[in-house]
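Visitor: Chains as they are written, first to last, in the numbering used here: chain A, 1 to 115; chain B, 1001 to 1184.
Hint data in this document are derived by calculation from the structure and do not stem from the laboratory.
Among the clues, some could well be false.
To be verified - Stretches of chain B that chain A covers, calculated by requiring three or more beta carbons in the stretch to come under 8 Å of a beta carbon on chain A:
{"no.": "1", "region": "1023–1031"}
{"no.": "2", "region": "1077–1089"}
{"no.": "3", "region": "1132–1142"}
{"no.": "4", "region": "1169–1179"}
The beta carbon of each residue, even a glycine, is placed where N, CA and C say it ideally should be.
One-letter residues, chain by chain:
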Amino acid sequence: MDAFFRWLADWYLPDPYLCAGRIQGITWTLIDVVIVASVLRLSGAARGRVPRVRWALLALTALAVPVIAIVPGEREFFLLEAGVCGTQFAILLWTVIAERVAMAELLARLRHRTM
Amino acid sequence: MGLAWLGAEMAILGVVRWGARCAAEVSEGRPAPPFAVDAFARRVGAVFLAVAGFMFCANSIGDALFRTQFGFEMFFHLVWNAMCAAWVGLEGAIALYVLEIDGVLHGRARAGRGRLWLAIAWPAFAILYNALACVSAARQGFDDVQLARVLQFFLRFCGIGWIAFELVVARSGLRLVRLLAGAK
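Here chain A stands alone, though its shape is the one from the complex (with noise of 0.2 Å):
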């Protein structure tokens, strides 16, 4: 265990830590990007209408995923990163919590035809 911390210690340097960082929070980023699209989708299925500024928003975090690759320095990586992964936290917080009533009627509409 020692020799693995070791080698740690001495591999693990500031470019392999932003480069891992970088695959990773695109990785995420992308996947968040298709729960809060789902999302969405099924709140404007449970509402009856579109949630324009919610799905705008989303689009704006998208776009944002290619800069995560070439953001310069540690301390902007962050930053954007928690940007983005908070404008999407936000937007999903927002639907599940104020439309989780018609979102739960329309999963149980879904389960009655799907029974």
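Given chain A, put chain B in place with the hints provided.
Guide: Just chain B now, with coordinates in the frame of chain A:
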């Protein structure tokens, strides 16, 4: 900011868990239960307070247990690692409840063993990695920069766990959208 994200994850977990209960009740022909702060929500709140408390005294705990001289560097990374480990645990719990909803909607029962595995294995791994890293760093005489690298590597494990759980949620989300399209 980290605590705000943790709170947001807990709120989402609360709503998703309620959604899973609704789906289960409705599938058995009963009305959906009202949204309320129940015993589970209180337990989640207690865990949140415990994590926040740990963050505030991580430095003293680390120094007392491992008798190291790393000070603030160790405190900062242990706090951040604890926060990230908590996010991943919560995301895992959300993924399990989403799977439950997905199972009800598609007429399949899901076993609850995943929740137990997640509740034991992930925190155990997180504590073990960070404790071993601190002990090993002290034994081998690492400086602050080397300790930081070893502790930062834990975030990669968190990233893998986070991506895996998000993939589960995204897959269920897409299945739900397909179900919605088919129902029209």
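Visitor: If you test the structure against every hint from before, which numbers come out violated?
Guide: Violated: hint 2 alone.
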